[in-house]
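Q: Protein chains in written order, with numbering that gives the first Met the number 0: chain A, 0 to 378; chain B, 0 to 416.
Hints in this document: simulated from the structure, not taken from any laboratory.
It cannot be assumed that every hint is accurate.
[Said to hold, decoys possible] Restraint-style ranges between C-beta atoms, simulated for each label pair: (1) A:D205 with B:T120: 25 to 35 Å; (2) B:R81 with A:K137: 52 to 62 Å; (3) B:G349 with A:R355: 14 to 24 Å; (4) A:D136 with B:D259: 52 to 62 Å; (5) A:A316 with B:T79: 11 to 21 Å.
Since this is a predicted model, take the numbers as computed values, not measurements.
Glycine included, C-beta positions come from ideal geometry on N, C-alpha and C.
Residues per chain are reported as follows:
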Amino acid sequence: MRAARLSVVTALTAVTALTAVTGCTSKSDAKDGDRVISVTATDAKCVTSKKEISAGHVELAIENKGSKVTEVYILFPDDRIVSERENIGPGTKQRVTAEVKAGDYQIACKPGMKGTGIRQDLKVTGGSVAKRDPRLDKAVAAYREYAQEQADATLPLVATFVKAVKAGDLEAAKAAYAPSRIGWERTEPVAESFGDIDPKVDVRADGLEAGQAWTGWHRLEKALWQDKKITAAEKTLADQLTTDLTDWQQRVGKAEITPTSMANGAKELLDEVATGKVTGEEERYSHTDLVDFKANVEGAQKSYELLKPVAQENDAALVTELDKQFAALNTLLDKYRPNASSYVFTSYEKVGAAQRKELSDAVNALAEPLSKLAAAVAK
Amino acid sequence: MTETQGSPSRRSLIGWGGAGLALGAAAAGGAVAMTRTGDDVDPTAAEVGAAVGFHGPNQAGIATPVQDRLHFAAFDVKTTDRAEFVQLLKDWTEAARRMTAGKAVGEGAFGGLAEAPPDDTGEALGLKPSRLTLTIGFGPSLFAKFGLADQRPDALVDLPTFAGDALDPARSNGDLCVQACADDPQVAVHAIRNLARIGMGKVVIRWSQLGFGKTSSTTPDAQTPRNLMGFKDGTRNIAGTETDRLTKFVWVGRKDVDADSAWMVGGSYLVARRIRMHIETWDRTSLQEQEDIFGRDKGEGAPVGKAKERDEPFLKAMKPDAHVRLAHPDSNHGATILRRGYSFTDGTDGLGRLEAGLFFLAYQRDVREGFIQVQRNLATDALNEYIQHVGSAVFAVPPGVRDKDDWWGRTLFSKEA
Numbered sequence: 000m001r002a003a004r005l006s007v008v009t010a011l012t013a014v015t016a017l018t019a020v021t022g023c024t025s026k027s028d029a030k031d032g033d034r035v036i037s038v039t040a041t042d043a044k045c046v047t048s049k050k051e052i053s054a055g056h057v058e059l060a061i062e063n064k065g066s067k068v069t070e071v072y073i074l075f076p077d078d079r080i081v082s083e084r085e086n087i088g089p090g091t092k093q094r095v096t097a098e099v100k101a102g103d104y105q106i107a108c109k110p111g112m113k114g115t116g117i118r119q120d121l122k123v124t125g126g127s128v129a130k131r132d133p134r135l136d137k138a139v140a141a142y143r144e145y146a147q148e149q150a151d152a153t154l155p156l157v158a159t160f161v162k163a164v165k166a167g168d169l170e171a172a173k174a175a176y177a178p179s180r181i182g183w184e185r186t187e188p189v190a191e192s193f194g195d196i197d198p199k200v201d202v203r204a205d206g207l208e209a210g211q212a213w214t215g216w217h218r219l220e221k222a223l224w225q226d227k228k229i230t231a232a233e234k235t236l237a238d239q240l241t242t243d244l245t246d247w248q249q250r251v252g253k254a255e256i257t258p259t260s261m262a263n264g265a266k267e268l269l270d271e272v273a274t275g276k277v278t279g280e281e282e283r284y285s286h287t288d289l290v291d292f293k294a295n296v297e298g299a300q301k302s303y304e305l306l307k308p309v310a311q312e313n314d315a316a317l318v319t320e321l322d323k324q325f326a327a328l329n330t331l332l333d334k335y336r337p338n339a340s341s342y343v344f345t346s347y348e349k350v351g352a353a354q355r356k357e358l359s360d361a362v363n364a365l366a367e368p369l370s371k372l373a374a375a376v377a378k
Numbered sequence: 000m001t002e003t004q005g006s007p008s009r010r011s012l013i014g015w016g017g018a019g020l021a022l023g024a025a026a027a028g029g030a031v032a033m034t035r036t037g038d039d040v041d042p043t044a045a046e047v048g049a050a051v052g053f054h055g056p057n058q059a060g061i062a063t064p065v066q067d068r069l070h071f072a073a074f075d076v077k078t079t080d081r082a083e084f085v086q087l088l089k090d091w092t093e094a095a096r097r098m099t100a101g102k103a104v105g106e107g108a109f110g111g112l113a114e115a116p117p118d119d120t121g122e123a124l125g126l127k128p129s130r131l132t133l134t135i136g137f138g139p140s141l142f143a144k145f146g147l148a149d150q151r152p153d154a155l156v157d158l159p160t161f162a163g164d165a166l167d168p169a170r171s172n173g174d175l176c177v178q179a180c181a182d183d184p185q186v187a188v189h190a191i192r193n194l195a196r197i198g199m200g201k202v203v204i205r206w207s208q209l210g211f212g213k214t215s216s217t218t219p220d221a222q223t224p225r226n227l228m229g230f231k232d233g234t235r236n237i238a239g240t241e242t243d244r245l246t247k248f249v250w251v252g253r254k255d256v257d258a259d260s261a262w263m264v265g266g267s268y269l270v271a272r273r274i275r276m277h278i279e280t281w282d283r284t285s286l287q288e289q290e291d292i293f294g295r296d297k298g299e300g301a302p303v304g305k306a307k308e309r310d311e312p313f314l315k316a317m318k319p320d321a322h323v324r325l326a327h328p329d330s331n332h333g334a335t336i337l338r339r340g341y342s343f344t345d346g347t348d349g350l351g352r353l354e355a356g357l358f359f360l361a362y363q364r365d366v367r368e369g370f371i372q373v374q375r376n377l378a379t380d381a382l383n384e385y386i387q388h389v390g391s392a393v394f395a396v397p398p399g400v401r402d403k404d405d406w407w408g409r410t411l412f413s414k415e416a
């Protein structure tokens with residue numbers, strides 16, 4: 000569990016094309032000048048060269064002619080950020096790139112980096128992202144389908160878990176706990192993009208904000224394994240879990256997914272493993288961390304496999320390395336389950352310090368090259 | 000910008016040539032002043048916080064005047080692919096070449112593709128080169144890999160067990176080591192962190208040690224530093240300028256090697272020992288006893304019966320179990336080692352005691368005639384009551400990187416070169 004990130008929701012493809020120190024520009028990512036909108040920012044104005052552009056790749060060529068440090072944003076109608084560039088010093092130029100779909104947007108300059116900014120409308124026309132590699136569109140569609148399948152498959156497993164909790168059957172509930180989380184863990188970056196759902200279903204005790212009620216899987220995990228009892232409160236929480244996850248299932252299809260967010264999502268899944276699972280923090284009562292671990296890796300691998308055809312073209316060496324490291328990590332994980340189709344993994348309590356280091360090393364070996372996938376896809 | 004970006008070699012020339020001329024850089028101690036930059040902006044030549052030359056017949060970081068701070072890391076090699084390992088050594092060399100010159104790794108810490116993590120981690124931006132040296136070593140276990148068995152030098156022995164050793168395997172040994180020394184701790188840590196990152200998937204850190212205060216000097220004019228027991232130690236250490244003693248005691252020469260180990264000429268052998276000090280009990284020890292144990296006075300550091308630190312010690316005036324007496328070359332068939340250790344304090348242990356001591360680093364031409372001889376002789380050292388060796392490692396330190404086309408370990412792996 001982690002605080003919601005923007006990366007899945009929006010297509011953040013901003014490129015710093017120069018250093019603020021020298022204030023000069025370098026090569027642009029735009030294929031031609033038609034895709035560039037110049038933005039002249041002053042302390043009182045925000046002048047844009049275009050009010051309308053067709054969907055696809057767009058680049059803002061920003062020049063700060065004012066005396067204050069400024070920021071420039073491309074915003075969705077609900078003020079969510081499509082792309083941004085902060086700390087644009089007086090007299091400097093910067094570039095921001097983004098992929099935009101058809102719709103109404105605004106460009107905002109914030110002199111002094113304060114307030115809601117000086118706004119200019121930007122209308123994006125056309126039905127689809129025109130310039131994107133069709134293979135990437137296919138990858139996004141396939142990933143969206145995967146995310147939906149995972150959510151659809153999760154609900155019956157959650158129903159089994161909830162039924163056991165409500166029947167007060169401690170052992171059955173324990174057995175159903177880890178399987179109910181697999182689909183969620185596989186697609187966690189998508190799930191986390193709905194900032195309101197994750198804190199309800201996947202928060203750990205240490206992740207609670209002041210005054211926040213503890214609900215969701217881990218609250219029930221504590222009841223089952225530590226308190227070893229199911230009371231009326233747990234039964235209510237089980238129903239709440241069903242409600243919240245049904246909400247997730249219905250919204251997965253609406254998530255904003257881009258090739259870049261898929262690649263970053265894969266990396267984030269490995270981050271989850273590195274910070275939560277390898278340490279045994281995620282499932283501190285049930286010690287089913289390796290189930291989540293495997294699910295995270297599977298989800299990351301899914302994104303990767305879908306993006307691979309394009310990545311292969313742009314960075315063949317990276318693909319070779321990622322294939323090798325995914326295989327190595329999966330082989331290592333297989334040591335902790337009876338066979339390659341089982342999702343019953345060794346309790347993490349029984350995984351010693353040397354074995355944990357071995358797992359951590361394998362995660363690092365994969366996560367480091369995986370952090371380069373987004374760039375290989377965005378090229 | 001395009002112009003600046005397109006000509007890194009020009010900037011390097013300005014940085015190295017200009018400042019090098021100005022300071023008249025010498026091989027090992029050669030200092031080039033420049034400011035660490037993120038994107039190859041011209042270094043400001045005349046500033047202090049110099050860079051130590053990376054290229055030379057011997058690796059820097061041995062005879063180099065001892066810097067204030069240390070980050071030492073031992074690695075285990077994970078890859079079984081010799082070509083991949085050789086490529087890592089080349090990548091590391093290039094990164095080391097840049098970092099020791101005060102530059103960022105790869106394409107820098109900012110300004111690159113927004114979708115990709117920056118090549119450099121960035122925490123050394125704006126810091127001076129700080130005399131950073133990076134020194135690589137190969138542990139005995141490396142020679143069991145990649146078909147290197149025949150090339151393991153006879154002098155690279157596994158250390159025997161010494162009396163009183165309480166070695167923790169998790170703080171001992173390693174296939175590789177990198178010693179990062181700098182006057183700024185953040186520069187040293189940045190270097191190890193970035194090398195570890197470049198190595199991910201191929202090598203993993205086995206253990207690492209931070210050192211905060213040098214306990215030895217390789218510059219005879221400088222004041223001898225004190226260890227955490229408050230004593231000067233290593234007064235007669237080998238100085239970086241003592242070419243004869245370096246040749247005699249530190250650098251591996253042609254006569255020391257056979258055809259298989261000829262790759263070590265110009266190299267040295269490193270022994271690293273993590274020595275925990277029982278600080279609290281030491282602090283309760285009377286001054287007289289402390290001075291007797293070391294064989295020096297605490298204030299000046301003079302040997303027993305002498306007035307000045309650098310007066311020739313009269314060993315027989317000391318107690319038979321005095322540290323200086325037992326460690327002195329005259330008690331060890333002339334054995335002399337170049338010490339480069341650092342004090343460490345890793346917080347406190349579970350009992351509220353300082354988790355502190357000496358991270359002992361010593362370079363020598365032959366471990367058998369150097370550290371092993373001296374350490375065996377220290378079996379009766381009165382100091383042993385207050386110290387415990389808890390980590391240990393030995394490494395063959397290959398010769399220096401000659402020029403911009405050379406790389407760490409080339410003489411060992413040169414079949415691929």
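Q: Next, verify each hint and record whether it holds.
A: Now for the hints, and whether the structure bears them out:
For A:D205 and B:T120, the Cβ-Cβ distance of about 27 Å falls inside the hinted range of 25 to 35 Å, so the restraint holds. Between B:R81 and A:K137 the C-beta distance comes to about 39 Å, which lies outside the given range of 52 to 62 Å. Our hint of 14 to 24 Å for B:G349 and A:R355 holds, since their Cβ atoms are close to 21 Å apart. A beta carbon spacing of about 59 Å between A:D136 and B:D259 agrees with the range 52 to 62 Å that was offered as a hint.
A:A316 and B:T79 have their C-beta atoms about 18 Å apart, which keeps the hinted 11 to 21 Å range intact.
Of the numbered hints stated above, the single one contradicted by the structure is hint 2.
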